[in-house]
Amino acid sequence: MTNPTPVVEALDLHAGYLPGINILNGCSLVANQGELIGIIGPNGAGKSTLLKAIFGQVNIREGAVKLNGEDITNLKANKLVEKGVAFVPQTNNVFPSLTIEENLEMGVFQTPKRFQERFDFVTSIFPDLGTRRAQKAGSLSGGERQMVAMGRALMVDPSVLLLDEPSAGLSPVRQDEAFLRVREVNHAGVTVIMVEQNARRCLQICDRAYVLDQGKDAHTGTGRELLNDPKMVELYLGNLAEL
Amino acid sequence: MANEIAIGAAAPGCKKVDPILIADGVVRQFGGLTAVNVEHVEIPRGKITALIGPNGAGKTTFFNLLTGFDKPNSGTWTFDGKDLAGVAPFKVARRGMIRTFQLTKALSLLTVIDNMRLGAQKQVGEGFFASFVRPLWKAQEQQITANADSLLKRFKLDAKREDYAGSLSGGQRKLLEMARALMGEPKLVMLDEPMAGVNPALTQSLLEHIKDLKSNGTTVLFVEHDMHMVRHISDWVIVMAEGKIVAEGPPAEVMKDQAVIDAYLGAHADTDLGTVEIKSIKAGN
Amino acid sequence: MDLISIFSLAGNALISPMTVGYILCAIGLAVHFGYTGLLNFGQAAFAALGGYGFAIATLDFHWNIWGSILFGLLCSMGFAAILGIPTLRLRADYLAIVTIAAAQALRFYVGSSTAEPITGGSAGLSQFGQEFYNLNPLPADLTFNLGTVSLTSGEVWIRIVAWAVVVLAVIFMFALTRSPWGRVLKGIREDEDAVRALGKNVFSYKLQALVIGGSIASLGGMLFVMSSQTNQPSNWGTNFTFITWTILLLGGAATLIGPIVGGMVFFALMTLIESVLGIMVDAGLLPFLAVEQVAQIRFLLVGLILMLLVIFRPQGFSGNKKEIQFNG
Numbered sequence: 001m002t003n004p005t006p007v008v009e010a011l012d013l014h015a016g017y018l019p020g021i022n023i024l025n026g027c028s029l030v031a032n033q034g035e036l037i038g039i040i041g042p043n044g045a046g047k048s049t050l051l052k053a054i055f056g057q058v059n060i061r062e063g064a065v066k067l068n069g070e071d072i073t074n075l076k077a078n079k080l081v082e083k084g085v086a087f088v089p090q091t092n093n094v095f096p097s098l099t100i101e102e103n104l105e106m107g108v109f110q111t112p113k114r115f116q117e118r119f120d121f122v123t124s125i126f127p128d129l130g131t132r133r134a135q136k137a138g139s140l141s142g143g144e145r146q147m148v149a150m151g152r153a154l155m156v157d158p159s160v161l162l163l164d165e166p167s168a169g170l171s172p173v174r175q176d177e178a179f180l181r182v183r184e185v186n187h188a189g190v191t192v193i194m195v196e197q198n199a200r201r202c203l204q205i206c207d208r209a210y211v212l213d214q215g216k217d218a219h220t221g222t223g224r225e226l227l228n229d230p231k232m233v234e235l236y237l238g239n240l241a242e243l
Numbered sequence: 001m002a003n004e005i006a007i008g009a010a011a012p013g014c015k016k017v018d019p020i021l022i023a024d025g026v027v028r029q030f031g032g033l034t035a036v037n038v039e040h041v042e043i044p045r046g047k048i049t050a051l052i053g054p055n056g057a058g059k060t061t062f063f064n065l066l067t068g069f070d071k072p073n074s075g076t077w078t079f080d081g082k083d084l085a086g087v088a089p090f091k092v093a094r095r096g097m098i099r100t101f102q103l104t105k106a107l108s109l110l111t112v113i114d115n116m117r118l119g120a121q122k123q124v125g126e127g128f129f130a131s132f133v134r135p136l137w138k139a140q141e142q143q144i145t146a147n148a149d150s151l152l153k154r155f156k157l158d159a160k161r162e163d164y165a166g167s168l169s170g171g172q173r174k175l176l177e178m179a180r181a182l183m184g185e186p187k188l189v190m191l192d193e194p195m196a197g198v199n200p201a202l203t204q205s206l207l208e209h210i211k212d213l214k215s216n217g218t219t220v221l222f223v224e225h226d227m228h229m230v231r232h233i234s235d236w237v238i239v240m241a242e243g244k245i246v247a248e249g250p251p252a253e254v255m256k257d258q259a260v261i262d263a264y265l266g267a268h269a270d271t272d273l274g275t276v277e278i279k280s281i282k283a284g285n
Numbered sequence: 001m002d003l004i005s006i007f008s009l010a011g012n013a014l015i016s017p018m019t020v021g022y023i024l025c026a027i028g029l030a031v032h033f034g035y036t037g038l039l040n041f042g043q044a045a046f047a048a049l050g051g052y053g054f055a056i057a058t059l060d061f062h063w064n065i066w067g068s069i070l071f072g073l074l075c076s077m078g079f080a081a082i083l084g085i086p087t088l089r090l091r092a093d094y095l096a097i098v099t100i101a102a103a104q105a106l107r108f109y110v111g112s113s114t115a116e117p118i119t120g121g122s123a124g125l126s127q128f129g130q131e132f133y134n135l136n137p138l139p140a141d142l143t144f145n146l147g148t149v150s151l152t153s154g155e156v157w158i159r160i161v162a163w164a165v166v167v168l169a170v171i172f173m174f175a176l177t178r179s180p181w182g183r184v185l186k187g188i189r190e191d192e193d194a195v196r197a198l199g200k201n202v203f204s205y206k207l208q209a210l211v212i213g214g215s216i217a218s219l220g221g222m223l224f225v226m227s228s229q230t231n232q233p234s235n236w237g238t239n240f241t242f243i244t245w246t247i248l249l250l251g252g253a254a255t256l257i258g259p260i261v262g263g264m265v266f267f268a269l270m271t272l273i274e275s276v277l278g279i280m281v282d283a284g285l286l287p288f289l290a291v292e293q294v295a296q297i298r299f300l301l302v303g304l305i306l307m308l309l310v311i312f313r314p315q316g317f318s319g320n321k322k323e324i325q326f327n328g
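Here the protein sequences line up with chains A, B and C, keeping their order. First residue of the first sequence: 1, per the numbering used here; consecutive thereafter. First residue of the second sequence: 1, per the numbering used here; consecutive thereafter. First residue of the third sequence: 1, per the numbering used here; consecutive thereafter.
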């Protein structure tokens, strides 16, 4: 049986922000339909850069990105959203002066007729967004805004969801909630690629993960494989959790 | 353990055997919102104390008040026996209480090594007239640079020595800010989320460095969300919620407190999230 | 007018004491803005105080040249303190507003009839350069020819002194900025709170920077008026401040040679443009322009250059783009 085309394929990417300086030095990634892919690694390795490169926010100088086989290298973000790629940034990810419902509406402004259908879907995953729909997003705490941002990304009915450090700055209980939510979203059929600093939690929930180091993918494997690999523990995970 | 640190039972606002910082009645209101309302708190000298709590609990605001970066509506506090309320932030730093910021303030337009040099205190060369007479400060500058290099090595930033701090990643900047704060040889170092964005393996080695600080007599107070880190190195934990201190004690005790678990730690703290049952939702389309 | 004349005039502009006056003011501004991040839009006032201070000390107090220079410096230092002490604890924009207002206020005051007994009112002061020119060691009948421009002994002397002062100012600033003191300023430029958290008295450093930059500008003011030996309020209008800013940004705000390069290029360019436009008007190539308007056009160009610089190349010729920021 032939393997179906991967949903997202990044091939040997060389990319960077400043002219002449590359953060990614030959980075590849494959995400198949329905997978939850994690990207972890040390500081400065290029994790966020890889995600942004897939979303067209960083200049790709060599290599290519494909969505369902179609070349989307350096395509602008709004085009990618139309093609079903949604991105949830780490910060500044909600409109504070708008209510939760209005934030979610912004998610479907290109296809407003789908609002009710998508709203029902999103609130089935995040019931709080439904019950507190009239609350202004600016009055929400960090974890709650995370939820709104993810909800808004889901309104687009994406085939791929890109998450940039969804647990950043959250207290432990909210982090756990965020990770469980990501699992729920993935379970509903959305392919997820997430960059995470909390490597342990990320590996616990993902199907496969890539470990980035100095702009290259240094290791890859299933979440379980990497969690239990002593070399991984030594280089990236630390064993504080076991102490 | 609790008896070494606290006098009597561990409870919010309990007295300490040897406190370095004592605060009373510190209140900070923003319009109708009370961000901080700490009746009494004492930070034990020479120990590592963790300040934990949900976002919006007032931890950073409390840091700002204690270090002079914000003015309280009321309250007094003493550091090493001396009154510190109303003292300008630069003087607070000179007295030995040095803090880092939640939103990192690595000075991007300076190189890493210059950032570090800036952290040293009592620099003769920083005086206007003395700065012209190089022999007056040259030796001190060399000593400062040597200290800086050794700290950079510990924090694994030595390769970036000559780079502008702006070219570092978020986690690296956090590390730089912490290393820079240590250049000032503080008596009490206050770290606001020092490991946020820092690679877990590096975090572990840095925790050893923080423990070393303790053996040198430095007191550490830090805000963090990483409970493994808190459990691993802190001697004492203070829990804040909605501006008040709601629990205090040794880490093992505090983390078993049901109220703390509900509001902050979560029930899955030690479970593998991949195995937790999740609800099944039908796909939208 | 032929090509040699045009280039001689431009060449003279490159080295003239007026150019140097502006260059020194720009160096002062480099200390304020380039190194410390202070927004000073009243540099003209510091220069004016230098010029007036010197002239008044010479004419009224009958002090010798050194005393007069000192007095000029003290005037601008005092002014810096008066401006700085109330405003430096506030946001950067407040200093900007206060300096604009203060410079205008000063100019109107010195030109007023109330101040006339001291400052000469709108006619200003003159003939205060005697002792300076007496110090000239060069032979009195010396002439120096720069193409078609002929300079007298006194004119050569002032040029030598002026450039010597620039070199000294640059050396002075070089020493300061390479020192730990300069490092603190750089930190303050970017984030004052970070520097406070490290135990530095930010307010004190900002005040020192304001005083130092203002003092250098006052030396510039003194040289500026020395060449013509007249000091009038009309010298110190907003034109002065904005030309100084243009020079600074043209050359590179956070560099030391920037103001020099910027100043020389700017004035040579202005002279060239004036000459060329003048020829074109005479030749009937620009029928919509009268000869008198050529001078005005130059100022149009100053504004345009300043705008383009800020937008496209805020680091100027020699600056480092990574170091420049305009958000205070």
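Watch out, some of these pointers could steer you wrong.
As the list claims (entries may be wrong) - Taking lysine-lysine and the DSS-like style, the derived pairs with C-alpha atoms no more than 25 Å apart in a straight line are:
id, chain 1, residue 1, chain 2, residue 2
1, B, LYS156, A, LYS216
2, A, LYS216, B, LYS153
3, B, LYS156, A, LYS231
4, B, LYS71, B, LYS153
5, B, LYS71, A, LYS231
Treat the hints as calculated values from the structure; they're not laboratory data.
The hints, checked one at a time:
no., hint, result
1, B/LYS156 <-> A/LYS216, "holds, 19 Å"
2, A/LYS216 <-> B/LYS153, "holds, 24 Å"
3, B/LYS156 <-> A/LYS231, "holds, 19 Å"
4, B/LYS71 <-> B/LYS153, "violated, 37 Å"
5, B/LYS71 <-> A/LYS231, "violated, 49 Å"
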